[in-house]
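Number of protein chains: 2
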Amino acid sequence: MKVQNQTSIRAYKAGGFIGKYQHLIKDVVIPYQYSVLCDEAPDTEKSHVVQNFINAGKAVHGEDVGDGFYGMVFQDSDAAKWIEAAAYSLSLFPDTELEKTVDNLIDIIADAQDADGYLNTYYTIKDKDKRWTNLLEGHELYCSGHMMEAACAYYEATGKEKLLNVMLKNAEHIYQHFIVEKNEGCPGHPEVELALLKLYRLTNSKHCLELAEHFINMRGTDPHFFEKEKEKRDWSVWNADPSDTAYLQASAPVREQKDAVGHSVRAVYLYTAMADLAASTDDKELLAACRKLWESITRRRMYLTGGIGSTVLGEAFTVDYDLPSDTAYAETCASIGLMFFASRMLETELDGEYADISELAFYNTVLAGMQLDGKRFFYVNPLEIIPGISGVAQTHRHDLPMRPKWYTCACCPPNVARLISSFGKYAYGENIDTAFCHMFADGEVTFENGMEFHCETKYPYDFIITYQIKKGGKLAIRIPAWSKSYKVSQNDKELTVTPEKGYIYLTVSDGDHIKIVLDDAPRSQYASVKVPELTGKTAICRGPLVYCFEGADNAEDVLSLSLKRNGTLSVSSYDEALLEGIVTITADALRTEDTDSLYTDKAPEAKPCKAVAIPYYTWGNRHENQMRVWMNEII
Amino acid sequence: MKVQNQTSIRAYKAGGFIGKYQHLIKDVVIPYQYSVLCDEAPDTEKSHVVQNFINAGKAVHGEDVGDGFYGMVFQDSDAAKWIEAAAYSLSLFPDTELEKTVDNLIDIIADAQDADGYLNTYYTIKDKDKRWTNLLEGHELYCSGHMMEAACAYYEATGKEKLLNVMLKNAEHIYQHFIVEKNEGCPGHPEVELALLKLYRLTNSKHCLELAEHFINMRGTDPHFFEKEKEKRDWSVWNADPSDTAYLQASAPVREQKDAVGHSVRAVYLYTAMADLAASTDDKELLAACRKLWESITRRRMYLTGGIGSTVLGEAFTVDYDLPSDTAYAETCASIGLMFFASRMLETELDGEYADISELAFYNTVLAGMQLDGKRFFYVNPLEIIPGISGVAQTHRHDLPMRPKWYTCACCPPNVARLISSFGKYAYGENIDTAFCHMFADGEVTFENGMEFHCETKYPYDFIITYQIKKGGKLAIRIPAWSKSYKVSQNDKELTVTPEKGYIYLTVSDGDHIKIVLDDAPRSQYASVKVPELTGKTAICRGPLVYCFEGADNAEDVLSLSLKRNGTLSVSSYDEALLEGIVTITADALRTEDTDSLYTDKAPEAKPCKAVAIPYYTWGNRHENQMRVWMNEII
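Note that the protein sequences, when read in sequence, are chains A and B.
Residues 9 to 643 in the working numbering are what the first sequence lists, from first letter to last.
Residues 9 to 643 in the working numbering are what the second sequence lists, from first letter to last.
These are calculated hints, taken from the structure and not from any lab test.
Misleading hints may appear alongside valid ones.
Which copy is meant is left open, because identical chains are indistinguishable; a pair holds if it fits in one copy or across any two.
Below, computed lysine to aspartate or glutamate pairings styled on DMTMM-like, alpha-carbon distance capped at 20 angstroms [claimed, not checked]:
(1) K138 / D596
(2) K618 / E303
(3) K523 / E564
(4) K136 / D359
(5) K28 / E169
(6) K479 / E361
(7) K478 / E464
(8) K618 / D450
(9) K610 / E361
(10) K610 / D528
(11) K495 / D328
(12) K538 / E632
(13) K572 / D561
Only a predicted model underlies this, so the values are computations on that prediction, with no experimental measurement involved.
Could you put together the complete structure from these sequences and hints?
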């Protein structure tokens, strides 16, 4: 059964937990990030991204702007992701002031486009001759991709075509270079592929489809492409190794790739486009490759929190079952990319597993990427933090105990903003006669197919979800795999329904109310013994939330705590004063006394105690303290 | 009480466990390593070290040898360490053939010395103008230091003065450069300091003492020295960062250093010289700094196996309590250096703790550095190996599951050879009227003070040690801290003695026999809860040996095993057929069934079973398999 969930929901007005986050994005994150982009945020890494576009515009018009570029080679993408986030937010909360700001920025961007359609401030300001000579590191296609996504989102939100036309022209320029002029190559950092497919879906531009297909299909066909490219040029951005084809997801043609390898964000962006293309072209071989890669990630290379990419070395996947908690990379952007991949797979073949993983990534790693006040961000999301080691030891420098304000490489903060603002796209989908509820999100939803409902829920802290049907039709609701029990009632009458591939199907009429009750019990989690890091350990989940133990709730000492197998897990009532509103879980535990030396042969005594867990996404919001997801278990 | 144990034992003929190893060094390791140095070993990394000296000799005599150098900048030191090992071996096993080979090599080396006393093949062949311009990376002083140690050892073993005179002349050259001509600087890699102190002790050369003192005292006084040096030169070996003074043990004057930091081998080589100088000059402030650094290592930064240096990044110490098992570096050379440091501390202040750590490092990390057949070597000594991850994942590439034959950077193999051949220097010491038994080693010992005894023991697999006294005097015998009980008898009469700082003192006469019975019970080990890696885990030791669990003895699956708290630990009888003769320990354990997915909420069942442990130093001698020292414990 085919689902569309990328462009089809006409309107979504969120309330509840998600609505609160979307308000935060609107009220705090979008204005704050715009001030960063304009270099007006105090005590924050310089961005210069708006000024880069202004300077590029001057350069296009023949002015000498000298050393007018600042930032990473992919700096432009920060503006693009911000526009995309603002667009989604505008579709939720119309705001003429914000729209004016975006229009103004779009004018600046449009002005920076060359007559031939080229658009990239780094090359336009620094050296036009370097265009397209370094696909390995150059990020031109990456930046174009993000701006195409922004263009689609802004058009959908406002109907305004200016940026869309800029990016269609840019796509034509790329088409000219790669297809018409037959210049070889594919992007070092995949992104443009999924963006071109979005453009194709929105505008039906065959060139966009053809270009996406080209980049995907030629990838890995010549494993020495990036090496040859390097030989031809006399410059480099950061001297990336062109021979590490696994890192570049280019060691084999994409249909032959079996393991998720290399830079984790690049990987999932590529897989997203592959899944999208497989659906668009009904390519079964490509879909089969996507399934294999999905399994590689979710069966063997994913953290309990939906984090992916085990190592800071190249921000990359490593090998099966290598999932260290304390040195994890688990980049926020990678989990966002995993949600993209999941959503495209879900469009291609309806299976609750995709939504299960998407939800897991969202409620844990993605939300953990942002401080509760929307003002600070994690790039890296470890499952263990020990002050004194984390952020300090050579091997742990990337695992910070507290969120910084901004980053020199600021990919994650705007990525979180655009994801949260577009949550409806991941929560809901539709086809001609069915509305799909992939995730539970309080609010009003209007579908293109005419269906409408109001969903009411305090999820993820309460597990009762009701749908007040305004315009009926067929309703497909996901029953999460984690929910061991569930009840479904229609107009107060309990139904006997069994999920098919994770979804139950109901026919609903105007005025019906549907009630779903999911399992609210906390669950002890165990990992395969193939994961060396996790032998003898247990973690706690409830609903989609992974829990963790912080020093703040546990006498500032988490290291000496072990959990009791089959101990009681007590769920608190919802405490709206704690960490913006959470439910804590208290576990039966043992506290081990410390030894008086580094090593001893005296078995340390362990005394019964209680240990208090909080949702993982809320960690690091108080002070620098110990944090652990996986705890030793005492049987 | 002062002890001397570096140069004073007149003769030591080992039998038993150590003797077997010393025979292996003589019969296999020394000939094999010489064939490597001569590039005559098949399927082995090219060494070229002998050829480098030959070519340098030609260069000294004005011949053009072109591109005649091959190897690392410190390649010369491999020859030096081999000569030193051969010298110690000759003092144990006179061998005219080997002596001829060494004499021949010494002739080649002497021929490569410049008229002004300079000796280093890298600079002599490649570019004489670069001499002394790059102390940061240049390793000239490091290579000189190793050759000085070789010279001392060979003189002691054979009475031959040629290499000693070469190196005294070399020391004079260095003295001229640094003291007379007042050129600033100290070595990037400490080593020459401890070597100069050895030369001083042997020859009473005041210049050697003065030079060692100079290098130690000036270290860290100008934290920008290496940066200034870099600014003055236009070349680099591997572009080392001169500003990372902590890495270079140069962030503060040595008397102010408190934490063991930076490259771990450099650190302990420096501390060894500091301790030696403190003893030689009765420098209490310096000794106090040594004690602090000793505590930093042994109380907070040392593996259970006596391994030090937690990270491959810079082969370095990290921070307190950061002791990962699977990504450990724990270089073989670093534990050898720790034994050097311990032995100098022991000379300065008699305390069994120093010998305890020295013994721990020796029987575990140092011995693990060499395959049981003497033909392959580990550089890195992790406490956990999981095939598929170890040696493969980006973060685990250095943790190899099997020993390679040789290394491009071949510091460890000859270091193991010289250490084992000189074991007597670490096992025994003396002063004017006392013989000190720091470690237990079967064999005949003759002291300079006139005492003589024969020690008989099957240690470390049996814990009865007898001393047949041939020439009496005072005997100080260490009672290891790990031995909870001990019995001491003199001529079959049990004595009541209490160790003072780890040693018991006896007055013995010719013909006496002394019997020591130590605790032979296996011991469960626990770490401080401050070590995040080790919470909830236990390990097993017996005597000085740390044990580990390998797949080979445990159905090829160690990951699913947990040990039972207070379970039985059964000690096997000595099995001479297994791993060159070992005692295994069988523990009560539980085997956890695997889950059917990466994560599950079903608590996996654990069934009682037995788990078999072998001594850590014997791991990796069968096939590539799982290995763990620290096991999850079930209470």
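Here is how each hint holds up against the structure:
1. In this assembly of identical chains, K138 and D596 lie within 20 angstroms of each other by CA distance neither inside one copy nor across copies; the values are 62 angstroms within and 67 angstroms between.
2. For a Cα distance limit of 20 angstroms, the shortest separation of K618 from E303 qualifies neither inside one copy, at 37 angstroms, nor across copies, at 35 angstroms.
3. For the homomeric pair K523 and E564, neither the shortest alpha-carbon distance inside one copy (42 angstroms) nor that between copies (51 angstroms) is at most 20 angstroms.
4. Taking the closest pair of Cα atoms, K136 and D359 never come within 20 angstroms of each other, the shortest separation being 47 angstroms inside a single copy and 71 angstroms across copies.
5. With identical chains, the CA atoms of K28 and E169 are never at most 20 angstroms apart, being 30 angstroms at best within one copy and 84 angstroms at best between copies.
6. In the homo-oligomer, the alpha carbons of K479 and E361 never lie at most 20 angstroms apart, since the shortest distance is 28 angstroms inside one protomer and 81 angstroms across protomers.
7. Taking identical chains as interchangeable, the C-alpha atoms of K478 and E464 lie at most 20 angstroms apart only when both belong to the same chain, with a minimum of 13 angstroms there against 93 angstroms between chains.
8. Proximity of K618 and D450 under a CA criterion of 20 angstroms is satisfied in neither setting, with 34 angstroms inside one chain copy and 54 angstroms between copies.
9. Taking the closest pair of Cα atoms, K610 and E361 come within 20 angstroms of each other only across two copies (18 angstroms); inside a single copy the shortest separation is 47 angstroms, beyond that limit.
10. Proximity of K610 and D528 under a CA criterion of 20 angstroms is satisfied inter-copy only: 16 angstroms between copies versus 41 angstroms inside one chain copy.
11. Taking the closest pair of Cα atoms, K495 and D328 never come within 20 angstroms of each other, the shortest separation being 37 angstroms inside a single copy and 52 angstroms across copies.
12. Only between protomers do K538 and E632 lie at most 20 angstroms apart by alpha-carbon distance; the minimum there is 16 angstroms, versus 32 angstroms within a single protomer.
13. Only within a single protomer do K572 and D561 lie at most 20 angstroms apart by alpha-carbon distance; the minimum there is 18 angstroms, versus 30 angstroms between protomers.
Checked against the numbered hints given earlier, this structure breaks hints 1, 2, 3, 4, 5, 6, 8 and 11; the rest are met.
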